[in-house]
Structure formats: structure tokens, C-alpha cells
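Peer 1: Following the hints, position chains D and S against chain L.
The lines below spell out each chain.
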Amino acid sequence: MRQTGVGVQLNQQERLFLGLVEQLTRPLLAISHLSEVATMSEDWQTVRVLANSSLRLAEGYALSLRVHGKVAPLQLEPVTVSALLYDAAEGIEPFAQRYGVSVELNTGPRVQPVVADRQVLQSAFESLGQVFVLAQAESETPGSVYLMAHRSRHGAVAGLYSGSMQLGVESLRRARAVQGRAHQPLQQFVDGPAAGVFVAESLLGTLSARLHVARYHNLSGLATTLQPSQQLQLI
Amino acid sequence: MNAPQHVTDAIVLTRTDYGEADRILTLLTPTYGKVRLMAKGVRRVRSKLAGSIELFSVTNVTFVKGRGDIGTLVSARLQTYYGRIVQNIDRTMLGYELIKQLHKVTEDELESDYFQLLEQAFIALDDPTISCDLIRVWFSAQLLRLSGHTPNLRTEPDGTKLATTQRYEFSFDDRAFMARPDAPYDADVIKFLRLIFNGNIPHILARVESNAEFVARCQLLVVGLRRATLRE
Amino acid sequence: MHILLIEPDKLQAWACVRALERAGHTVTHATGAQSAVQLADEHPLDLVILELQLPGHNGVEFLYEFRSYPEWLRIPIVLYTFTPPHELTYAATLQEELGVRQIIYKPSTSLEVLCLRIQKLVSVAP
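Chains as they are written, first to last, in the working numbering: chain L, 1 to 235; chain D, 1 to 232; chain S, 1 to 126.
By construction, these hints were calculated from the structure, which means they are not laboratory data.
Be aware that a few hints might be false.
[As the list claims (entries may be wrong)] Only part of the chain S face toward chain L is listed, based on derived beta-carbon distances under 8 angstroms: (1) Lys10; (2) Ala15; (3) Cys16; (4) Ser35; (5) Glu112.
[As the list claims (entries may be wrong)] Simulated coverage check for chain L against chain S, where a stretch passes if three residues somewhere in it have a Cβ under 8 angstroms from a Cβ of chain S: (6) 94 to 103; (7) 136 to 143.
Beta carbons: idealized from backbone N, C-alpha and C, even for Gly.
Next up, chain L with everything else stripped away, as it sits in the complex (with noise of 0.2 angstroms):
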């Protein structure tokens, strides 16, 4: 294992980077070693699947670098949640299949709209989608992932969550300053690296957003808060 705080000189981007590698490793032998075995069309249909969630994965890392080093703008748009979450969980729900995990969406009534990228944040919750759904694959009765928003004070709270997995603020804490020097930084939630927490984050840095530990209808997850447009609501 790394020898993590010696000599290890990685900046942020770097770190994420080589998470995201190491998270690509695993889809890509899943499909090499499908392809060595696979018979029916129902396998080749696995490795669609597994190609594609992985290309979403490194396309949300390659948009949040783009944005970040300014070689592309941000779109930004009035955005209804509800619409994006929807979206997000048809992006994700290839993957759940496969793994045995349903997707389910619950959107609160008035939840304001937002003024903010729309490919970034859809980019962001299919990424953390991806950890999510392998979290609950890994438990011994797979069940949920849920894509949630609600109104809150502070703004518009969406995110992803799920009943058995419990992500506590420390481990989250913990994880962030590990990642990309550890194998497995939020090893007590799922195994691997979990880049899509962190390509996640990266995405909604873009916005000035970020990921905080949520509870929400007795669920437990990642969200992230986002601001409604004050000139929306007026219309």
C-alpha cells in the first residue's frame, strides 16, 4: 500500500486521477474476463453496460478538468431538479440492473429550481450513482438507491442516499484526505476507490458546491445543496 504523508508529492488533480484509474481498472477486467466467458447475449449486454458506466465515469472527470482549467466554459441554465434527478437515475439504472440494485427517485414537492450546469450536475449524481450502487451490491441483500431532492432553508438539497449503507460525516472527512493515496479511502462504505465520490465533488466544485453527509426520510447519503435563483422564484 501506499506510504501515505512520506514522500508521496501528489497534487489534487493528480490524486483524483490516479483514483480514477484504479477505479477503471475494475470494470475494465470485469469485461475482459466477460468476454473470456461470455455465451449468451445477456453477458454481452453486461459488458455494454460496464463500457459505458465506465466512459460516463472518465467523461465526468475529463468535463470537471475542462471546466476547472477554464478550456470550457460552464452552461449555466435554470435547471428543475426533479427533471435532472430523473435523467441521472436513467443514467444509472443500467448499471443497478446488473448489479441487483433497484433506482428509485423521490423528489419533494416546491423544490425550487437552480441556476447551474446541467451537464455538470448530471455528470456529478451518475458518478455518485456508480458508488452507490456498488455500496449496495456489496451488502449481503442488495437493495435501494435513492435520488432525492428537498426543500430546505439553505436552498435546494439533492442528492443520493441508501438505507443500509450508513456514511458518517468523519468517514467523509476522512476519505477526502486519503483519497488517491489509499486503495480503498471509504472502505467502510464500499470497497475500491470510489472515485466517483471525488469525481463527484470536482464536478460541483465547478458550481461552488460540494458533498456533505445527508439524512432524509430515514435514509442516509451524500447531497449537495444548491442555490435557487432568486429571479425564478419571482416569476
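Peer 2: Structure of chains D and S alone, referenced to chain L:
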């Protein structure tokens, strides 16, 4: 009449099999030294991996003494679990190694210093910013110190004070430094060794500038001295 | 041969189980250390294939726990892991003290090669 119950904090040193359903735990405690307890009915199905007595933790245990040298565990409550240790394979392996070292080089009757040493090792292992090499060297030094085998870090064998401008080699026979040009150890390394053998905890040592370099330079000396001095 | 495969990724495990079954083995799959110990209790085993990077308790903890039971001391264990070889600084301890017979780096090993190496391991075993 019921046997009196004893309550103490404890750290697991070993777990072994016993019969159909039981396990024998060797625990390190601050008050009773090493204690061997039978944990009844916990074999396999309630494997220790999921039990309340985790490795790399401090657990509060209640036990009764037995007629022989094995008591019976009555109850256990996890106090502190150093969970970050097992997030890292190297740190997990070092944790097992340190537990084994301490168990091998100590008798059953132990001062509370050994319990604190192992607990301090867990605290350091639980912090990913503190390197495994530093922890390994520090632990070896503490085992030497607690057993009364601190090397002479002040004078040469003939009593001459160590000088800041000299270079030294270490004599395992005399357990002291001897001046010699082009020798590997200089004043900075010796100062670092003094900090280690004074009982400073790893968190303090990790703040010393260039500590990684010092650790690399004195690792062979300290670990070698431990192996040569303490039975393993 | 009855093999216990300890692999947290279900899709990865599924491909692996398929390959091993085609090679004529019976496979029991566990996703973590805790369930692996329980399954080992329920099925007589000839070999364990273990990923070190597991959720919750890691593979090293499993190894120490597994080897603390006398009847499991002689069961050969193969590490089939994402942990890169240069990071396994404790390879000697794993092999000498914990009875790990082979350490195989997953990303560079096809399932065909895995099956061949296991076959070779079993054929030279005492």
C-alpha cells in the same frame, strides 16, 4: 458463591481455538498484565471478525478468574476501535507484527506501560499521515526502553561525551556510539534517537523536520538492536 | 476441487465462478471476510482464492482469522488481488506465516491463466 468479577480495559493479543464452540483470547490489560480468557460459544458463526472484541481496539471486559490460568469472559464492550488501520493492508500487517512482537518479548506479568505502548501504536497506525517506518522504529525503541535496554546515546564507551561535530558508528557489543571519520551517524540522527528513546509519541516525532530521512538512517540500528537484545 | 472465492465485486465474481466451474471445480462465493468465515464453516474446502481489498474487514484480517482455526491451517490460499505487487511489502509474511501459496495480480491475469495456475498449484501440492 459467585466468583468475583474483574473489569478492565483490554487489547487482544491472540485468539485461538478451543473445543467445539469456544475460543481462548489472550488479552493485554493495564492492571492484570496478560490475561487468558475463554470466550464461550463464539466460535466461527459469531466469528471474532464481527464480535465485540475486535483486534486493533480497546475493549472493556468483565471476567472471572478460573482455577487454572484461564479465566472466563463474562462480557465485553468495545471502547475504541482504530478502524482506519484496516483500511490499509500495510498498516494492518504492521499492526499484527507489533502485537506479535510485544507478545513474544514479554512475560505475563506486565506493567501498564506495555498496554499504553500498544494503545499508542494503534493510535499512530490509525493516522495515515504517520509512516509505517516511523511507527516500526519507534515501537522497537520503546520495547528496548521498557525492558531496560536503552542504548547509550550520551557518551562513548570510555565516557567521552558525544560531540556535535563528530561522526559515529554504533557498537552493538558496547551498545554505544564510537567516533570514527566517515561513520554513518551524525549529531542529527543521534538527537533523533534521543527523542525516540525518551518515549516521545509518534505524533511528536512525525513533526520533526526530515524525520523520514532520520528514520531511514536509524532503522537498521534500532530494529537490529531489538532483535539482538530481546528474545523473539 | 471445492473453492471458496472471496471477491467483493459481483460481476467480477460471476465471471470468475464461471471460468472455475468450466475448469471442473465447485465454487462458493463470498463478498466479504465475515461471510467467508461462515461459508468456510458450512462447506469443506480445498482452496481459497482471496482478494485483499474487501469492504469492512480486509483480506489480511481474514487470513489471520482463518488461520486461527486448526482445521483450516493446511488449506492453500491464493491471493488474487488488485493490490499491485510492489505494494505487497509483506509478501514474505503472507507466504511464510499465513500460508499464501501464490500472489496473483488481477489486472494482468486472464481467467484462463488463473485456472492454469490453480491447476498447477494443486498438482504439485503434497
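Peer 1: What are the numbers of the hints that this structure violates, sorted from low to high?
Peer 2: Hints that this structure does not satisfy do not exist here, as all of them hold.
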